[in-house]
Structures are given as structure tokens and as C-alpha cells.
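Those sequence lines, one after another, are chains A and B.
Under the working numbering, residues 1 to 809 are what the first sequence spells out, in order.
Under the working numbering, residues 1 to 248 are what the second sequence spells out, in order.
Honestly, the hints are just simulated from the structure, not real lab data.
Just to be clear, a hint being listed does not mean it is correct.
As the list claims (entries may be wrong) - With a cut-off of at most 25 Å between alpha-carbon atoms, the simulated SDA-like pairs for lysine to any residue come out as follows: (1) B:Lys47 <-> B:Met221; (2) A:Lys100 <-> B:Pro81; (3) A:Lys572 <-> B:Lys176; (4) B:Lys230 <-> A:Met1; (5) B:Lys202 <-> A:Ser498; (6) A:Lys100 <-> B:Lys176; (7) B:Lys178 <-> A:Glu266; (8) A:Lys572 <-> B:Pro81; (9) B:Lys232 <-> A:Gly212; (10) B:Lys232 <-> A:Glu520; (11) B:Lys68 <-> B:Lys176; (12) B:Lys230 <-> A:Ser721; (13) B:Lys230 <-> A:Ser405; (14) B:Lys230 <-> A:Lys190; (15) B:Lys176 <-> A:Phe493; (16) B:Lys232 <-> A:Val189; (17) A:Lys572 <-> B:Glu165; (18) B:Lys202 <-> A:Glu266; (19) B:Lys230 <-> A:Ser498.
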Amino acid sequence: MLPHLAVFLISAAALAYEILLMRLLGIIQWHHFASMIISLALLGFGASGTFTALAQKRLLDHFHFSFAAAAVLFSITAPASFAAAQQIPFNPLEILWDSKQFLYLVAVYLILSLPFFFAATCISIRFMHSRQSIHRVYLFDLLGAGFGALGIILLLFLLDPSECLSLISPPGLFAAAMVCLDRKTSRSVKAALILFLAGILIAVLIPFGRTGLRISEYKGLYAALRVPGAEVIRESSSPLGWITVVNSPVIPFRHVPGMSLNCTVEPPEQLGIFIDADSFTPVTRYRGNPGEAAYLDCVSSALPFHLLDRPSVLILGAGGGADVLLALYHQASSIDAVELDPEVVRLVREDFGEFAGHIYASDRVTMHIGEGRGFVAGTHRSYDLIHVSLLDSFHASAAGGFAMSESYLYTVEAFQRCMKRLRPGGFLSITRWLRIPPRDSLKLFATALAALERSGTDRPGLRLALVRSWKTCTLLVKNGEFTPREIEIMRSFCESRSFDIDYFPGITEEEVNRFNVTDEPVIHEGAMALLGPDRIEFMDRYKFNIQPASDDRPYFFHFFKWRVLPEVLSLKGRGGLPLMEWTYPILVMTLVQALAASLILIILPLFFLHSAGGRTSGEVRIGFYFLFLGLAFLFMEIAFIQKFILFLSHPLYAVSVVLSSFLVFAGLGSSASGRWSGFLCRRGGWASRSAVGVAVGVIAVLSIAYLALLPSVFEKTMAMSDWAKIPLSMAFIAPLAFFMGMPFPLGLSRVADSAPHFIPWAWGINGCASVLSAVLAALLAIHLGFAMVVGFAVVLYAMAALVFWKPLG
Amino acid sequence: MNRKGLLQSGAFLVWVFVLAVAAPAQQEDAYRGLRAGLIEEIRADVKLTSERIGRARLTDRVLQAMLKVPRHEFVPDRLRPYAYENRPLPIGFGQTISQPYIVAVMTDLMDASEDATVLEVGTGSGYQAAVLAECVKQVYSIEIIEELGREAASRLERLGYRNVEVRTGDGYYGWKEKAPFDAIMVTAAASHIPPPLIEQLKPGGRMIIPIGSAFMTQHLMLVEKDPGSKIKTRQLLPVAFVPLTGGH
């Protein structure tokens with residue numbers, strides 16, 4: 001039992017470390033690079049397979065020592081690798097200018113792969129050592145991973161990420177101690193005692209052992225703190241983000257994005273809230289006199305307030321409260337404001353309540369903690385205005401940093417949902433940063449058009465308007481057709497602020513591109529082309545991807561097109577690089593690197609296994625079996641995490657609930673697979689060979705049924721509370737994950753029977769396949785959608801079942 | 001390897017030679033040679049981008065300034081080998097020295113005469129101020145980060161630029177005592193354009209604002225104040241790129 005517990009602990013620590021690294025790298029760098037670095041570092045799992053395949057005899061001869069040593073090395077390298085990686089001067093922003101950055105990047109992920117390598121080595125050794133009960137080892141491996149995922153998220157509520165880092169080590173030391181205890185010699189018991197004590201000591205000393213974070217100097221927080229007199233006045237952390245509040249009394253923040261050049265007012269005093277050292281939202285000094293917020297009337301997102309009289313407003317993404325202030329200034333009759341991060345709301349409401357004029361406690365304002373899309377789907381209220389403004393920071397947006405992150409707010413379905421919640425004559429208003437050449441503005445327009453058409457609107461062009469300041473663009477979608485009076489108001493709003501109108505029903509060419517002149521009136525022409533009969537052709541010819549995003553392909557920020565790459569690269573010297581949406585190519589680069597590394601890691605051990613006389617006729621099939629399984633498992637898991645994010649409408653809950661459920665129920669499936677295969681084997685013949693086939697059959701039926709049924713189930717249950725939605729989600733995941741937990745231990749047990757020296761090789765292949773799978777799933781989802789990712793997973797599972805039909809070893 | 005690649009690797013080898021064996025005077029010659037190569041590159045690039053920036057070539061004054069200002073003096077020592085590559089370089093404090101091509105285009109777009117007085121908000125290393133100082137009569141520059149401002153001021157003084165005045169502090173209010181300005185360059189990122197800066201711009205004057213993030217200038221914004229003090233802005237892509245492929 002002790003070694004099983006050791007596997008549980010090491011697996012929990014490894015998964016917790018993975019999630020923690022995502023947080024830490026997201027703070028010191030940017031999230032999209034964090035994903036890439038971690039993907040590649042996870043190849044440490046594949047490398048451990050190679051290593052244990054090559055050294056299996058020695059490792060097995062000294063099982064206890066090897067396991068304990070690997071576990072201790074994991075404990076040391078988990079914090080040490082991160083500290084070392086921080087010393088490498090990797091600057092992702094320079095990657096296209098400076099080829100040295102690639103070397104730094106490789107160094108970063110090689111260093112960060114070490115802890116994963118050691119953790120996976122422990123598990124691989126255990127698989128080899130415990131050949132008769134592979135399904136039990138896998139059970140504890142998956143249970144550990146499930147608890148690790150949940151545990152680290154709970155821990156992140158209590159401690160900040162750098163403090164959590166030191167807590168990764170004790171479970172590793174405890175795992176080593178358990179294996180030592182299992183050996184039952186006096187020396188090993190002593191060693192166990194020392195390891196336990198060391199683990200406890202580290203766990204107790206944690207609050208004092210905070211690792212310093214070296215945050216990139218190109219992030220907003222760093223720049224804000226370089227300003228004389230600026231200081232951090234509040235700091236807090238949760239799994240949603242690391243929040244710092246900065247006061248800059250000498251040189252104030254004055255954050256009013258895209259303020260009209262005709263406005264001469266200076267914004268009031270502001271405090272800056274930074275999330276993960278970058279994403280910025282100001283808290284503005286407010287003494288209760290709406291006139292103080294007059295400066296906010298100088299931005300493009302103020303337009304809909306001029307078209308409505310004392311509207312009821314829904315604000316999605318309230319942040320520090322600027323949009324609530326705008327609504328108060330325009331005497332909104334009621335304001336529902338939704339903010340995902342409760343800590344941000346608490347700061348504005350309590351810590352800085354007086355500074356902010358208690359706007360979140362105003363009798364006209366109701367605050368809701370939650371995610372925008374989920375709120376709209378769950379509410380029965382209707383509004384005159386749904387307002388979404390600049391949810392991401394300009395720099396992240398400009399750098400294309402979100403290209404690979406899913407957003408369920410800017411999809412056709414989300415727009416339809418919002419429109420359903422509008423009263424007759426009400427507006428959906430979305431403001432984004434203006435980019436030249438246009439990307440977001442035209443994609444928003446195309447998305448709104450598709451949503452209107454899908455909702456059965458006859459003449460969608462009569463319900464849309466698009467205006468821009470020199471830095472922002474605002475799209476209005478009306479529940480009804482624009483009236484001449486509204487168009488007149490819009491004209492005068494824009495004229496007095498020197499904003500341009502790119503589209504309203506009946507616009508003429510003379511009215512466009514007057515104040516913030518672009519070479520060609522591309523946005524206007526684009527909008528007209530999208531409304532015309534050649535929409536598809538126009539989107540095709542456009543050099544950025546402006547196809548509307550959908551819930552199945554929720555990548556609004558993905559603008560990249562392959563055919564533009566050579567042109568942009570050739571323009572490097574002439575300032576052309578910013579035209580590149582480079583997150584997507586980086587994802588492809590990640591895949592190429594992972595493929596190359598995986599090939600080496602998979603093929604290399606074969607030579608050694610052959611020369612050690614371990615050739616087996618079924619090795620190719622072993623290879624394919626575990627490759628297919630590794631790919632399929634993560635395809636399925638990633639696709640369903642996405643489906644449930646939409647349902648649970650909170651990325652954090654969704655990821656932790658879905659991921660943990662998948663792992664724990666798959667673990668239980670693994671445990672049951674032992675009995676299941678025993679039962680079938682006793683029947684012999686085809687029954688014993690169909691063990692995987694039956695599991696795969698159930699997986700296929702369930703997953704396809706879910707794809708068909710979940711949307712309507714979600715629709716009916718969307719308004720339920722989280723406490724009901726979470727168990728419901730788990731009930732859906734449980735049977736699917738249960739059967740997904742079977743094929744791996746069934747296959748590995750068969751390898752253990754016929755060709756045991758191939759166990760670590762199979763484990764390594766599974767590790768490599770998981771890395772490839774995560775990147776491939778993202779690429780497939782971008783192009784084909786998550787439903788197809790599930791489809792691919794089913795096919796891969798079926799292929800694995802076919803391979804299993806014949807003996808593996 | 002393309003022409004640019006050859007130029008760059010050639011430039012690197014020259015630099016290695018310079019550092020290894022050459023005397024200071026020879027070093028200066030070598031740098032001048034590298035600079036000339038860079039200017040040629042920029043000249044060729046501008047030609048290809050002429051439609052976008054509305055001019056077929058940069059004025060001689062700007063090219064001469066680029067040819068004269070020793071960019072290697074404005075970058076950290078360890079980055080000197082790359083000083084004459086057409087790329088932005090980090091200068092510490094989260095700041096960068098812009099891509100020379102962008103510096104040249106921005107300076108040219110200001111259309112400032114030799115007698116002009118120019119305000120720069122965001123001194124950084126002082127390179128842009130030096131290029132401006134070669135082109136106009138007087139440059140005033142404000143830097144928010146004290147260390148950078150101090151370093152830039154002493155660097156510019158050491159290099160003999162007597163017509164540049166640097167001060168550290170808040171750029172929002174411009175430099176009222178020296179206003180109005182014929183041209184203003186706002187290289188420090190801002191969520192909005194401070195109204196006092198527009199006020200301090202002479203009628204007929206121009207303001208240039210690069211929009212983007214560190215290492216990436218997305219586009220340039222040109223603010224023009226006509227003789228009647230009316231404001232108009234132009235969004236300029238510094239590069240020849242048409243977002244539509246072929247067709248109509």
C-alpha cells in the first residue's frame with residue numbers, strides 16, 4: 001500500500017506543479033508563452049520513459065532506492081528549476097528580432113522539464129515493479145493527479161503562487177519516505193524519518209520562504225512602479241489572478257482610453273489595479289457628483305447612452321468601475337454589473353470604497369460575481385443596454401497575445417444570447433481597441449451580422465452601427481432598426497468628439513474617414529462588403545481571419561492566416577512585424593518541436609531495447625496503441641473541459657471540476673478494469689480480446705450522445721445555481737471518464753504479461769502523446785471546432801481497440 | 001542568404017574585428033561604415049513604402065542625421081554589436097530604442113524646419129532626441145523615469161548636443177515655458193493624448209505618436225493642427241501592406 005500512496009503523492013505534486021507553473025509563468029511572462037513552455041516541459045514525461053527503458057534493470061534491482069531518489073530529486077528540482085529558469089534572460093517580445101531568444105527558450109523548458117522527468121520516472125519504475133497490478137498503480141496515479149489539481153487550486157486561495165511553490169516539495173519527500181518505509185530495513189526507516197521531518201519542516205517554514213518573482217520589465221506593473229512616488233498599496237492573490245493595487249500620487253494614471261482630442265478635461269485621481277502584473281483597470285476617485293465623470297463622455301463607448309433615456313444597463317466586466325461610473329453619469333435607471341473576480345469587487349467596494357465613492361454600493365447598482373456569458377445565459381431580466389468595453393489590455397491585444405485563448409463572449413451564439421436579453425429598441429454595445437489594419441472591428445461586425453441572420457432578422461444592416469475614436473472602436477447592435485433621429489444623434493455625437501462613423505444604415509462615402517483618417521477607409525469598405533453579396537469572398541480575400549467565432553470554435557482573437565506569413569516576414573525591416581499575429585505560428589512551432597523531441601524519445605530506446613535482446617514482434621503495435629490512447633484521452637478531456645466551461649460559466653470552476661472529475665473517475669475505471677479484464681479473460685477467446693473494444697464502444701456512444709444532447713441540457717439547466725450545476729457536470733463526466741480510464745491499464749497489463757521490458761517505453765509514448773495531444777487539440781479546435789476534436793478522439797480510441805485485438809507483445 | 005542577411009552578418013563580423021584589434025579612431029570609422037549600410041537599407045525600405053507614408057524618399061536632412069548620430073552610444077555596451085541592425089533594442093527599465101527605420105520615418109513625418117522647436121515626451125536613451133537635434137534648432141525632451149532621464153541628459157551632453165534640454169518628470173503638461181512647439185513627438189505610451197500637449201502645438205504643427213508595444217510599433221498616429229487650430233489625425237501604417245488580396 002505504501003508505494004501506492006507514494007505514487008498518489010508524487011502524481012498529485014506533479015499535476016499541482018504543472019498548474020502552479022501556469023500561474024507563475026503567467027505572472028512573470030504572458031499566458032500564451034506559459035502554455036507553450038509548459039507543453040514542452042511536459043516532455044519530461046516522455047523522457048522519463050526513455051530513461052527508464054534504458055536503465056530498467058538497474059532501476060528495478062534497486063526499486064526502493066530509485067523511486068526514493070527520483071522523488072527527492074523531484075522535490076529539489078520543482079522549486080530549483082523555476083528559480084533557475086527565472087535567471088535566464090528570455091524575453092518573448094524579442095523573439096522575432098533576436099535569434100538568441102530561441103536558445104533561452106529551449107534552456108527554459110529543458111530546465112523546467114526536470115521535475116516532470118523525475119516525477120514520471122517514479123511512476124514508470126512503479127509500473128515496472130508492480131506488473132501484476134498495473135490498474136492499481138494507474139488508479140493511484142490518476143487519483144493523485146485529480147487531488148493535486150483540486151488541491152493546488154484550493155491552496156491558491158490561501159497562499160500566493162510563490163508561496164505555493166515551496167509546498168510542492170513536501171509531498172515528493174513524503175512519497176520518498178513511504179517507499180523507504182516499505183523497504184523495512186533499519187537504515188531505510190531512518191531515511192524515511194529524515195525525509196518526513198524535512199517535508200514537515202519545509203511545509204511549516206513556507207510562509208517565510210517566499211520565492212521572489214522576476215516579473216518581465218515589459219509588463220504594465222513594472223512600468224507603473226518605475227514612476228517616481230508610485231507604490232503598491234494592496235496585494236492579494238487567488239487562482240484567478242495576482243492582484244496589485246498601485247497608487248501613483250506624483251504622476252497620476254489618467255487612464256481614459258481613446259479620449260476625444262476635443263476634450264480638455266483631466267481625469268480625476270485614479271488607483272491602478274493590475275491583474276497578473278499586466279491587465280489594468282483603474283479605480284477612479286468619485287465624490288458622488290456625477291459631473292466628476294464627465295470626462296468619460298469623451299470616449300466612443302459613451303455613444304449608446306446618448307441614444308437612450310435613463311436606460312437599464314448590464315455591464316459585463318465591471319473591473320475597477322469606470323463603466324459603472326459612465327452609466328451613473330448618464331443617469332442609468334438600474335445597473336447590473338458583472339465581474340468575474342470577487343477580489344476586484346471587494347477592493348472597489350470595501351478597501352477603496354470611500355475613494356471610489358461607494359459606486360458598487362449605490363442603490364442603482366447591483367453587483368454580480370460571475371462570468372459575462374454565463375450571466376446573460378442565466379438571467380431572465382432584460383435591458384436597454386448591454387455594455388462590453390475593453391476587457392483586455394491594449395498591449396496584450398496588440399501583441400496578439402490572446403490568439404489561442406478561448407472566449408465565449410465574442411461568439412455568434414453569445415451575441416444571440418445578448419440580443420435576446422435586450423428590450424425592444426435596446427442596444428448591445430461592444431468596444432475594442434482599434435487596430436490598423438482593422439481586425440477586431442470587422443470581426444465584431446461579421447459576428448453581429450451572423451448572429452442577426454441566425455436569429456432570423458430580415459435586414460440586419462439596418463440594426464448595426466460602427467464608430468471609432470483614434471484608439472477604440474464601438475459596435476452597436478440594436479434590437480430593432482435605427483431611426484433617423486438616432487442616426488442624427490450618432491452623427492452629432494461623433495462630430496463633436498471628432499470620432500469617425502464607419503457604418504450606420506444609409507451611410508454615404510462622404511461621411512466616412514473624416515477625423516482619424518486612414519489611407520483607405522478600410523473599416524467602412526469592409527463593413528459594406530460584409531453586408532453585400534460577396535461576404536464570403538471578402539472574408540477569404542482579407543489578409544486576416546475575420547470569420548465569426550462560434551461556441552464550437554471560440555477563437556475570436558485568432559486573426560492569423562498562413563498566406564500572409566511570407567509577406568509579413570519580408571516586411572520585417574520596414575516595421576512590418578507587428579502585422580504578424582504570432583501566437584498561432586508559435587503554437588505550430590511548439591507542435592513541431594514536440595514532434596521532433598517525441599520521435600527521438602520514442603525511437604531511441606528501441607535501439608537499446610533491441611540490442612539488449614528485447615526485440616518483440618508486436619512493438620510497433622505497442623507503440624501505436626499507447627500513441628493513440630495518449631492522444632485520444634487528452635483530446636476528449638480538453639474538448640469536454642471547453643464544453644463545460646460554457647456551462648459552468650466560470651473558467652476556474654470548470655477546469656478544476658472537470659479536470660479533477662476526469663482524473664478521479666478515470667482512476668476508478670482503471671481500478672475496475674482489473675476485475676473487468678479478469679472476468680473477460682476467464683471467458684477466453686474473443687471476449688478477452690474485446691476488453692478495450694467494449695470500453696471504447698461505451699466511450700464512443702457516450703461522447704457522441706453528449707455532443708448531441710449537452711447543448712439542450714445546458715440550455716435548460718443554465719439558470720441553476722453553481723451548487724446544482726457542479727454535481728450535474730460531474731454526473732455527466734463520471735461514466736465517460738470511468739471507461740476512458742480502462743484502455744491504458746488493460747494495454748499496459750498485457751504488455752506486462754508478454755513483453756514487460758516495454759512497460760517504460762509504453763509509458764514514455766503515452767507521455768509524449770499527451771504533449772502532442774494538447775497542442776494538436778488547440779490547432780484542431782481552431783480549424784474544425786471542438787466537436788471534431790471529440791470525433792478524432794473516438795476514431796483514435798477505435799484504432800487503439802483494433803490494435804488491441806491482436807496480442808500486443 | 002538575402003542581401004539584408006549578408007549585410008547583417010557582415011556588420012557583425014566588422015564589429016568583432018573593430019572591438020578586437022582596432023584603435024578608437026578606426027573603431028569610429030568602422031561604425032560609420034556600418035551606419036552608412038543601415039541608412040542605405042532604410043533608404044531602400046522607404047522607397048518600397050512610399051505610398052503609405054506619402055513620400056517617395058526621406059529628406060536629406062533626416063538621412064544625414066541618421067548617418068551622423070552614433071546609435072551605438074545609445075545602447076547598453078553588450079548590445080553594441082547590434083546597434084546598426086534595423087531592429088529595436090532593449091535599454092533597460094522596460095524601455096526600448098526604436099527600430100531605426102521607424103525613427104527615420106517618424107522624424108521625417110514631423111516635417112519640421114531647421115528653425116523648429118520640438119518637444120519630445122519620452123526621452124528613453126536619447127537617440128530620437130539626438131536625431132531630432134541634428135534636424136531642428138532646439139529640442140526639449142521629458143522623461144518619466146529618473147535614471148533614464150539622467151543618463152540620457154549626460155549622454156547627449158557628452159556627445160556635444162547643446163540644443164537638447166532633458167528634464168525628468170510628468171510629460172502630461174508638456175513644457176509650458178518653452179511652448180508653443182512646431183512639432184511634438186510622444187514616444188511614451190499613453191491611453192489618451194494629454195490636452196495640454198495639443199494646446200502647446202503651434203497651429204500648422206504636427207504631433208507624432210507611435211502606437212503599439214515594446215519592440216512593436218503597430219502604426220503611427222499623426223496629429224495635425226491646421227492654421228485654424230482644428231485637429232485632424234491620420235493613422236499611418238509605416239509599411240506597404242494592403243489588407244485585401246487582389247480582386248476588385
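**Prompt:** Are there hints from earlier that the structure breaks, and if so, what are their numbers?
**Reply:** Of the numbered hints, 3, 4, 6, 9, 11, 12, 13, 14, 15, 16 and 17 do not hold.
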